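Quick note, the sequences are listed as chains A and B, same order. FYI, in my numbering the residues of the first sequence are 139 to 315. FYI, in my numbering the residues of the second sequence are 139 to 315.
Worth double-checking, as some hints may not be accurate.
One copy or any two copies: either way a pair holds, since identical chains are not told apart in the list.
[Stated by the list, open to error] In silico lysine-lysine, DSSO-like type, Cα no more than 30 Å apart, as pairs:
1) K253 - K155
2) K238 - K188
3) K238 - K146
4) K187 - K155
5) K188 - K155
6) K187 - K238
7) K187 - K146
8) K245 - K146
9) K245 - K155
10) K144 - K250
11) K245 - K222
12) K188 - K144
13) K146 - K275
14) K250 - K146
15) K253 - K276
These are computed hints drawn from the structure, not numbers from a lab. Being a predicted model, the structure only gives us computed values, none of them experimental.
Number of protein chains: 2
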Amino acid sequence: MPELLKSKIRTIPHWPKQGIMFRDITTLLKDAHGFNHMINLLTERYAGKKIDVVAGIESRGFIMGAALAHRLGIGFVPIRKKGKLPAEVVSEEYDLEYGKDRIEVHKDAITKGMKVLLVDDLLATGGTSAAAANLIKKLGGEVFECCFVVDLPELGGKKKLEQKGYKVFNLVEFEGE
Amino acid sequence: MPELLKSKIRTIPHWPKQGIMFRDITTLLKDAHGFNHMINLLTERYAGKKIDVVAGIESRGFIMGAALAHRLGIGFVPIRKKGKLPAEVVSEEYDLEYGKDRIEVHKDAITKGMKVLLVDDLLATGGTSAAAANLIKKLGGEVFECCFVVDLPELGGKKKLEQKGYKVFNLVEFEGE
C-alpha cells in the first residue's frame, strides 16, 4: 500500500527556501517496515523483467537503487555529480533554477543493448532524470523505465519524461498539500 | 571469498591527484555476481546481531549500507555532508588534508540505546568515520561496528578507530600495490 509509504514521508515547509514544501524520505528510510515495504513493492514490479542493471542518481537515488538492484540480483551503476567518478565518463548538462550543472556516468558502466532501470527518490521538474536517461542512451543502453518513490505532478516532470518517450513509475505523489 | 571482490575493484593511478592510487568500487558494484556476493558476506556477518539500524556515510556508503539494511530487515539512516538534511541535525567537524568539513545526521534518526552499524565503502585515515561514529554517540546510540568494503591499512584509519574503542571490519584491503 503506497499510502503506508506516504504516511511515513515527512514534509518540511520552506526548505531549502521559502515556499518549497520539501518531501523528506529519511523518515521512511529509517523505518524498518516502511523501507522494507518500499523495496518489496519495487521488486514486485521489476522482478522477471530481464533488467540488466539499476542506475541510481546521486545521492538519494543510491539508497533505493542499490537495495532494489540487490533484490533483483543485478548490478548497480551510480550516476554522479561532475568530477566524482574516477575513470572515463560521459557527461550531460542540465538546467538548474539558476545556471546549469552536469551529471556523469562511467563509459564502461553500460554497454550497448543493456536494459537499464533508472532510479531516483523524487521527480520534480525532471531535468536531472532526463539528463540521466540521456547518458544511458549515449552509451547504447535502453531505459526500461524511470522509477521514483515520490512524484510532484505539479512540477511537470512526469509529462516531460513521457514526452521524451520514457515510461515513468512512482510509488506516491504529493500535490501542494 | 573476499579475493573475488578484490579482483573486481579497479585501481585508478593518480586520481584525484598525483601519487594517489584510487580504489574504484564501481566495477564491483556493476557486476551482478560481485555486488550480490558482497552483500551476502555482510549479511552473514550481521544477521541475528539485533542491530537496530544501518547508518551509511554519503555517498558511496549509501550503496552498500542501504542494500545491507534491506537484507537485515531494518531501517537506513543517511549521514550526510553539511546542509543536505532538511530537519534538525547534530553536526560534527572533521579534518581534511587542507581545512575542515562537517557531516550531519538528523536528530530524530537515532534514539538512545539503538544499536547502529556504521557503513562506508572505504577506510583511509578514518577522519570521516570517527566523526560519523561521534554523531551516533551524541544521539545516545551504540556503534555496533564500523564496516567497510575496503581498508587501506597504511593510512592508519583502522588503528585510529580501534584506539577510540570501536570495532572495525572490512572485506578487503589494499597495500600500496
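Right, here's what the structure says about each hint:
1. K253 - K155: Neither way: K253 and K155 sit 38 Å apart in one copy and 34 Å across, limit 30 Å.
2. K238 - K188: neither (35 Å within a copy, 45 Å between copies)
3. K238 - K146: neither (33 Å within a copy, 35 Å between copies)
4. K187 - K155: neither (40 Å within a copy, 41 Å between copies)
5. K188 - K155: Neither. Shortest intra-copy (41 Å) and inter-copy (39 Å) distances fail the 30 Å Cα cut-off.
6. K187 - K238: Neither. Shortest intra-copy (35 Å) and inter-copy (46 Å) distances fail the 30 Å Cα cut-off.
7. K187 - K146: both (29 Å within a copy, 26 Å between copies)
8. K245 - K146: Answer is between; shortest inter-copy Cα gap is 17 Å, intra-copy 37 Å.
9. K245 - K155: between (36 Å within a copy, 21 Å between copies)
10. K144 - K250: Answer is between; shortest inter-copy Cα gap is 26 Å, intra-copy 37 Å.
11. K245 - K222: For K245 and K222, both the intra-copy (14 Å) and inter-copy (28 Å) Cα distances are at most 30 Å.
12. K188 - K144: both (29 Å within a copy, 27 Å between copies)
13. K146 - K275: Answer is between: at 25 Å across copies they meet the 30 Å cutoff, but 34 Å inside does not.
14. K250 - K146: between (39 Å within a copy, 21 Å between copies)
15. K253 - K276: within (13 Å within a copy, 44 Å between copies)
Violated hints, listed in ascending order, are 1, 2, 3, 4, 5, 6; each of the other numbered hints is respected by the structure.
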